[in-house]
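Asker: From first to last, the protein sequence lines stand for chains A and B.
For the record, in the first sequence the residue sitting at position 92 is 450 according to this note's numbering, with numbers rising by one throughout.
For the record, in the second sequence the residue sitting at position 86 is 444 according to this note's numbering, with numbers rising by one throughout.
Careful, some of the hints might be misleading.
If several chains are the same, the list does not tell them apart, and a pair holds so long as it fits within one copy or across any two.
With a straight-line Cα cutoff of 25 Å, these simulated DMTMM-like cross-link-like pairs (lysine to aspartate or glutamate) come out [said to hold, decoys possible]: (1) Lys569 x Asp645; (2) Lys569 x Asp586; (3) Lys549 x Glu495; (4) Lys549 x Asp573; (5) Lys549 x Glu620; (6) Lys549 x Asp600; (7) Lys380 x Asp586; (8) Lys549 x Glu461; (9) Lys549 x Asp517.
Please keep in mind that the hints were generated in silico from the structure rather than gathered at the bench.
Everything numeric in this text was worked out from a predicted model, so none of it was measured.
Given next are the chains, with one letter for each unit.
Number of protein chains: 2
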Amino acid sequence: MSDITVIGLGAMGSALARAQLKAGRSVTVWNRSPDKAGPLVADGATAAATAAEAVAASPITITCVKSHPQTTQILRNAANALPGKTIIELSTGSAAEAEELAEMIEGAGAEWMVGIINAYPHMIGDADTVLTVVGTEQQWAAHAPVIQALGGGSVHVGDQAGMLAALFAGLFTVRQGFMWGMIYGALACKKAGIGLQTFSDLVPISMGMMKPYYDYFAATAPTASYDDPPATMRTYAAALEDVLASFETLGARDDLPRLFVEMTHKGMAEGLEDKALTAVIDVLSRDG
Amino acid sequence: MSDITVIGLGAMGSALARAQLKAGRSVTVWNRSPDKAGPLVADGATAAATAAEAVAASPITITCVKSHPQTTQILRNAANALPGKTIIELSTGSAAEAEELAEMIEGAGAEWMVGIINAYPHMIGDADTVLTVVGTEQQWAAHAPVIQALGGGSVHVGDQAGMLAALFAGLFTVRQGFMWGMIYGALACKKAGIGLQTFSDLVPISMGMMKPYYDYFAATAPTASYDDPPATMRTYAAALEDVLASFETLGARDDLPRLFVEMTHKGMAEGLEDKALTAVIDVLSRDG
Chain A
359 MSDITVIGLG
369 AMGSALARAQ
379 LKAGRSVTVW
389 NRSPDKAGPL
399 VADGATAAAT
409 AAEAVAASPI
419 TITCVKSHPQ
429 TTQILRNAAN
439 ALPGKTIIEL
449 STGSAAEAEE
459 LAEMIEGAGA
469 EWMVGIINAY
479 PHMIGDADTV
489 LTVVGTEQQW
499 AAHAPVIQAL
509 GGGSVHVGDQ
519 AGMLAALFAG
529 LFTVRQGFMW
539 GMIYGALACK
549 KAGIGLQTFS
559 DLVPISMGMM
569 KPYYDYFAAT
579 APTASYDDPP
589 ATMRTYAAAL
599 EDVLASFETL
609 GARDDLPRLF
619 VEMTHKGMAE
629 GLEDKALTAV
639 IDVLSRDG
Chain B
359 MSDITVIGLG
369 AMGSALARAQ
379 LKAGRSVTVW
389 NRSPDKAGPL
399 VADGATAAAT
409 AAEAVAASPI
419 TITCVKSHPQ
429 TTQILRNAAN
439 ALPGKTIIEL
449 STGSAAEAEE
459 LAEMIEGAGA
469 EWMVGIINAY
479 PHMIGDADTV
489 LTVVGTEQQW
499 AAHAPVIQAL
509 GGGSVHVGDQ
519 AGMLAALFAG
529 LFTVRQGFMW
539 GMIYGALACK
549 KAGIGLQTFS
559 DLVPISMGMM
569 KPYYDYFAAT
579 APTASYDDPP
589 ATMRTYAAAL
599 EDVLASFETL
609 GARDDLPRLF
619 VEMTHKGMAE
629 GLEDKALTAV
639 IDVLSRDG
């Protein structure tokens with residue numbers, strides 16, 4: 359028996375196994391192409407001959423392959439070894455795929471946790487690396503040390519397998535909002551005859567204001583405390599209307615600023631003009 | 359005679375006048391309510407009795423009042439003093455208002471530059487404070503030292519009075535893209551039962567990736583170098599489709615991710631699927 363099994367020994371899976379060895383745990387490993395196990399065995403891990411043997415070797419198995427469906431397939435073939443075990447799935451996939459995997463594991467008499475690794479392999483084991491994990495409170499209490507050996511800043515976000523797809527969608531939308539803000543900003547500048555080198559050189563001015571924007575969001579959205587903001591929804595609406603007018607005057611495609619104006623007006627139509635801009639979250643979340 | 363005149367002595371105008379004094383220039387000041395001049399006179403400035411007298415006192419006048427139309431009004435009343443002078447306008451306004459002001463100044467036989475101050479008053483005079491300025495190349499060559507005394511990182515972006523409204527629209531769209539990314543991200547999390555405190559606490563993970571997103575933009579957009587990107591438009595499209603599917607599954611309002619997907623598909627329909635995502639700028643800029 360060993361303390362932990364790791365299935366999937368790509369760059370990430372190997373980093374996960376190595377972090378567990380470094381944390382002083384005995385580790386069993388398995389990969390579809392067995393040659394990947396060599397360097398880990400040299401570092402003290404034990405190679406299993408089959409996935410079922412790997413799962414049988416430890417109370418906890420970390421899976422890190424291509425996607426949830428591939429994990430489901432591997433564990434179906436190892437179903438006899440599953441009863442009484444805990445699977446910590448760190449592959450990626452949609453909410454539906456995560457739920458299908460969770461159902462299969464429960465059906466086989468095992469427990470599951472599912473996580474997203476918000477890091478590159480070289481960051482595994484760092485104190486500020488974050489894995490976002492779902493599972494029950496009891497599982498988190500029991501297995502947090504194993505997960506924190508992979509990322510010291512790891513957090514438990516809930517107990518529904520599908521939640522991580524929503525969280526990924528939310529965080530990716532933040533990044534894409536910034537990216538498309540640059541793309542549409544470039545459109546306006548292009549139409550005005552401002553070189554994109556000039557615009558690009560100036561974007562860091564706006565990046566310097568990302569932290570205040572985030573602080574404003576963080577101070578209002580989590581507690582729905584929308585009263586007496588430093589800048590009201592009305593103020594943002596006026597600035598956004600000016601921006602939209604600039605896009606129109608320039609003949610620049612304006613879908614993005616138009617959407618911002620329309621959503622802000624939706625909030626104001628509900629009487630929220632003196633509230634924080636973030637109060638629109640409550641309004642928009644009533645739509646489907 | 360003095361070296362520089364400053365008209366408008368609010369918090370910002372006073373900071374501008376003080377920065378010129380600190381740079382060793384003699385300064386004449388004027389404000390509609392004259393009591394604002396007191397502290398500056400104590401610091402060595404000369405107070406003018408009227409706006410016309412203020413403009414007459416120096417070859418260069420910096421104006422920093424409420425808005426372009428107010429500057430236009432003040433300068434109309436001082437028109438006799440304008441011939442041969444240079445006005446550096448640092449109030450705010452739309453492209454049309456900037457163009458009206460520029461026309462009036464030219465009509466009165468003076469020259470104009472228009473700028474945006476990307477800073478708070480306490481940052482005036484700092485080496486990394488940025489004023490973005492329009493005016494001719496010759497004017498920039500002649501007056502850059504005066505402007506750099508206000509912000510050491512100041513840049514010349516072109517020669518059309520209306521350009522700054524476009525630049526503001528572009529940079530504000532970048533910030534609002536980030537803000538609405540958080541708002542829509544919050545919607546997805548809310549529908550998934552993930553607390554907005556959890557989401558808000560995790561947003562800094564995405565903020566840590568803003569710099570790579572910016573680097574990608576800066577390495578591609580200014581030179582339209584869209585070949586062999588680290589991630590292709592097809593890759594972004596697939597991730598955005600997953601995100602949109604998550605919003606749909608959750609029953610979360612999806613206007614923003616849907617717009618991103620649609621615009622990415624527009625780029626792919628033009629055969630750009632192996633190019634950088636930023637190649638959509640060229641496609642979208644053909645629309646009006």
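Asker: State for each hint whether it applies.
Answerer: Going down the list of hints, with the structure as the test:
1. Lys569 x Asp645: Neither, since 29 Å and 33 Å both go past 25 Å.
2. Lys569 x Asp586: within (20 Å within a copy, 32 Å between copies)
3. Lys549 x Glu495: between (54 Å within a copy, 20 Å between copies)
4. Lys549 x Asp573: So Lys549 and Asp573 pass the 25 Å test across copies only (23 Å; inside, 33 Å).
5. Lys549 x Glu620: Both. Shortest intra-copy (23 Å) and inter-copy (22 Å) distances satisfy the 25 Å Cα cut-off.
6. Lys549 x Asp600: within (16 Å within a copy, 32 Å between copies)
7. Lys380 x Asp586: Classified as neither; 50 Å inside a copy, 38 Å across copies.
8. Lys549 x Glu461: between (53 Å within a copy, 21 Å between copies)
9. Lys549 x Asp517: between (49 Å within a copy, 14 Å between copies)
The structure shown violates the earlier hints numbered 1, 7.
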